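J.: Chain by chain, the residues run as shown.
2 protein chains.
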Amino acid sequence: MKILGDEDLNDGGLMAVAIDALEAAFLARAGDRLISPPRHHVSFGDRGDLVFTIGGILGEAPLAGFRVYETFGGAEHCQIVAVWSVDDARLKGIVLGERLGSLRTGAIGGVAIRHLSAPDARSVGILGSGAQARTQLAAAAAVRKLERARVFSPDEKRRAAFADEMERALGLEVVPVGSAREAVDDADIVIAATASRAPVIHAADLKPGVHINTVGPKTCDGHELGLDIADAADVIATDSPEQTRAYASPFFLAGSGHEHRMADLADIMAGRAGGRGSPEDTTLFCSVGLAGTEVVVASAILDVLGAPA
Amino acid sequence: MKILGDEDLNDGGLMAVAIDALEAAFLARAGDRLISPPRHHVSFGDRGDLVFTIGGILGEAPLAGFRVYETFGGAEHCQIVAVWSVDDARLKGIVLGERLGSLRTGAIGGVAIRHLSAPDARSVGILGSGAQARTQLAAAAAVRKLERARVFSPDEKRRAAFADEMERALGLEVVPVGSAREAVDDADIVIAATASRAPVIHAADLKPGVHINTVGPKTCDGHELGLDIADAADVIATDSPEQTRAYASPFFLAGSGHEHRMADLADIMAGRAGGRGSPEDTTLFCSVGLAGTEVVVASAILDVLGAPA
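These protein sequence lines are chains E and L, in that order. Counting in our numbering, the first sequence runs from 223 upward without gaps. Counting in our numbering, the second sequence runs from 223 upward without gaps.
No wet-lab data here; the hints were simulated from the structure. Among the clues, some could well be false.
Note: identical chains are not told apart, hence a pair may lie in one copy or across any two.
Claimed, not checked - Derived DMTMM-like pairs: lysine to aspartate or glutamate, alpha-carbon spacing no greater than 25 Å straight-line: (1) 314 x 268; (2) 224 x 271; (3) 314 x 230; (4) 367 x 502; (5) 224 x 525; (6) 379 x 369; (7) 367 x 386; (8) 314 x 228; (9) 367 x 456; (10) 224 x 298; (11) 314 x 229; (12) 224 x 320; (13) 379 x 404; (14) 367 x 408; (15) 314 x 254.
Predicted model, so just to flag it, every value in this text is computed and none were measured.
All chains, please: the whole structure from these sequences, using the hints.
T.: Here it is in structure tokens:
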């Protein structure tokens with residue numbers, strides 16, 4: 223039984239491990255072997271909730287586990303993810319902290335980029351300079367032979383720091399630029415990972431054949447991308463159509479007509495729904511964080527890292 | 223943040239800590255401050271379930287947390303109990319293994335003995351020689367000035383080993399005896415902690431004024447005590463009337479009429495239901511393992527033990 227914390231999850235190689243684990247999880251989902259029930263909330267009066275996403279994967283080497291986090295309003299949050307190997311009823315380990323969650327979300331983006339972006343994509347435009355922007359770019363670099371990236375976020379210092387750090391971490395040219403438009407106009411892949419509740423780019427800013435991941439806000443109340451980008455997209459996919467329907471505020475595509483053509487990424491991977499058809503297709507991936515996948519990523523990381531409790 | 227395992231929970235002094243924690247939990251329950259929703263099961267196909275008891279305590283120094291265990295059918299089981307301090311949203315710690323659960327069940331028995339048995343009880347009769355029998359006797363010793371105990375279980379070696387071990391651990395005379403009747407006939411307190419599905423003693427075996435804890439089977443399908451003991455009892459109490467109604471097989475008192483006079487131990491403690499009225503009263507406590515209490519016990523143990531992760 224291993225217990226891992228954030229400090230154990232800094233190895234850059236773990237992104238590839240997480241992406242491969244999610245690849246397997248999405249294929250399990252396509253085969254109805256991913257266990258992914260709705261979140262389970264327990265309320266502690268007016269103090270907040272404990273929120274559980276319980277899930278796993280059936281079939282060969284079945285896994286079970288959960289993630290839990292609290293909404294008690296503290297400055298720091300420590301999630302717990304635990305994984306059992308079902309065959310021998312063994313608790314494989316526990317992963318504590320926040321890094322697993324961003325690694326997981328990054329890796330979901332990586333699977334989408336692998337299956338939806340142009341195979342010869344070389345350049346990335348990044349909107350945002352936070353933790354999600356970092357893991358999304360790392361995921362993109364793990365699945366495509368990237369040569370360059372441009373990053374925009376409103377704070378000049380933050381985007382410069384992001385560029386410095388990611389250039390070193392990934393060994394590719396990362397340039398901070400002064401506008402969202404400039405970040406994306408030449409990009410084969412666009413990553414929107416902002417906290418913006420108003421669209422940060424427009425469809426006209428993008429070049430033909432682009433693939434876009436939207437990781438930030440995407441409800442009717444606030445969305446970092448506008449409907450014009452959905453209008454321009456030949457393919458719209460998500461990791462969890464059911465979760466897009468379960469938001470407290472409706473999903474930003476609700477009522478646009480586009481929600482009906484939104485495909486499950488798992489179905490695209492399994493060949494049951496159409497993906498990119500030509501180099502000029504624009505593809506849009508709406509990342510919502512498929513429940514149950516933390517367990518699958520944690521399991522793969524526990525397999526490769528040795529840190530006895 | 224502390225992580226504790228079974229090996230950290232061997233200190234005999236922890237039983238008193240657990241009993242005091244449960245005392246507070248029962249008073250919180252009487253004041254509607256104990257959070258104790260029904261168990262939450264998630265099924266992994268035909269392989270088994272993950273089962274969560276989520277709970278905590280509101281009011282001063284509020285706590286939240288959960289216990290989780292699996293039913294995947296392995297030889298060993300590792301429960302996880304995690305506790306947050308709600309005020310500062312801090313994960314206080316995690317307790318792994320099986321000892322916390324038996325400490326908790328023992329301590330529930332201890333609270334019942336403290337509030338229902340004769341204050342001058344000196345002798346205990348124990349039926350069963352397993353983990354629950356051990357923790358129940360330790361709990362009795364923590365709340366009453368015991369002088370002697372007798373133990374019966376069908377296996378002579380096991381009851382002898384139990385007597386040896388508990389005599390050393392608790393510093394009181396513990397004698398193995400050859401029949402259930404002999405174990406209980408002189409006892410002020412009787413602890414039934416067997417796996418028997420048929421009654422192991424009869425009301426006529428008991429002396430007036432006895433208090434009985436039943437920890438083993440107590441459904442209509444199988445019960446270690448018979449209705450004659452309920453008939454003889456002046457007071458019948460349980461730690462969770464709602465859990466007695468939620469068993470898959472009905473509770474052994476269902477349909478007997480006695481289920482309607484079964485009191486909540488928390489109400490007895492708070493003076494809202496009658497307890498022992500005279501030295502001749504027979505009192506019966508049906509232990510079902512009030513959900514949410516693992517978290518309270520774990521929290522108290524994390525407070526007294528220091529074992530940094």
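J.: Each hint needs a verdict: does it hold in this structure or not?
T.: Against the structure, the hints:
Taking identical chains as interchangeable, the C-alpha atoms of residue 314 and residue 268 lie at most 25 Å apart only when they sit on different chains, with a minimum of 20 Å there against 35 Å within one chain. With identical chains, the CA atoms of residue 224 and residue 271 are at most 25 Å apart between copies only, with a shortest distance of 22 Å across copies and 27 Å within one. For the homomeric pair residue 314 and residue 230, the shortest alpha-carbon distances inside one copy (16 Å) and between copies (20 Å) are both at most 25 Å. In this assembly of identical chains, residue 367 and residue 502 lie within 25 Å of each other by CA distance solely inside one copy; the values are 19 Å within and 85 Å between copies.
Taking identical chains as interchangeable, the C-alpha atoms of residue 224 and residue 525 lie at most 25 Å apart whether they share a chain (9 Å) or sit on different chains (24 Å). In this homomeric assembly, residue 379 and residue 369 come within 25 Å of each other (Cα to Cα) only inside a single copy, at 23 Å, whereas the closest approach across copies is 74 Å. Within a single copy, residue 367 and residue 386 get their C-alpha atoms as close as 19 Å, which meets the 25 Å cut-off; across copies the closest is 70 Å, which misses it. In this homomeric assembly, residue 314 and residue 228 come within 25 Å of each other (Cα to Cα) both inside a single copy, at 17 Å, and across copies, at 17 Å.
Proximity of residue 367 and residue 456 under a CA criterion of 25 Å is satisfied intra-copy only: 24 Å inside one chain copy versus 79 Å between copies. Taking the shortest Cα distances, residue 224 and residue 298 sit within 25 Å of each other both inside one copy (23 Å) and across copies (16 Å). Taking identical chains as interchangeable, the C-alpha atoms of residue 314 and residue 229 lie at most 25 Å apart whether they share a chain (19 Å) or sit on different chains (19 Å). In this assembly of identical chains, residue 224 and residue 320 lie within 25 Å of each other by CA distance both inside one copy and across copies; the values are 17 Å within and 17 Å between.
In this assembly of identical chains, the alpha carbons of residue 379 and residue 404 lie at most 25 Å apart only when taken from the same copy (17 Å versus 82 Å across copies). In the homo-oligomer, the alpha carbons of residue 367 and residue 408 lie at most 25 Å apart inside one protomer (16 Å), although the nearest pairing across protomers, at 82 Å, exceeds that limit. For the homomeric pair residue 314 and residue 254, the shortest alpha-carbon distance inside one copy (24 Å) is at most 25 Å, but the shortest distance between copies (37 Å) is not.
Every hint from the earlier list agrees with this structure, and none is contradicted.
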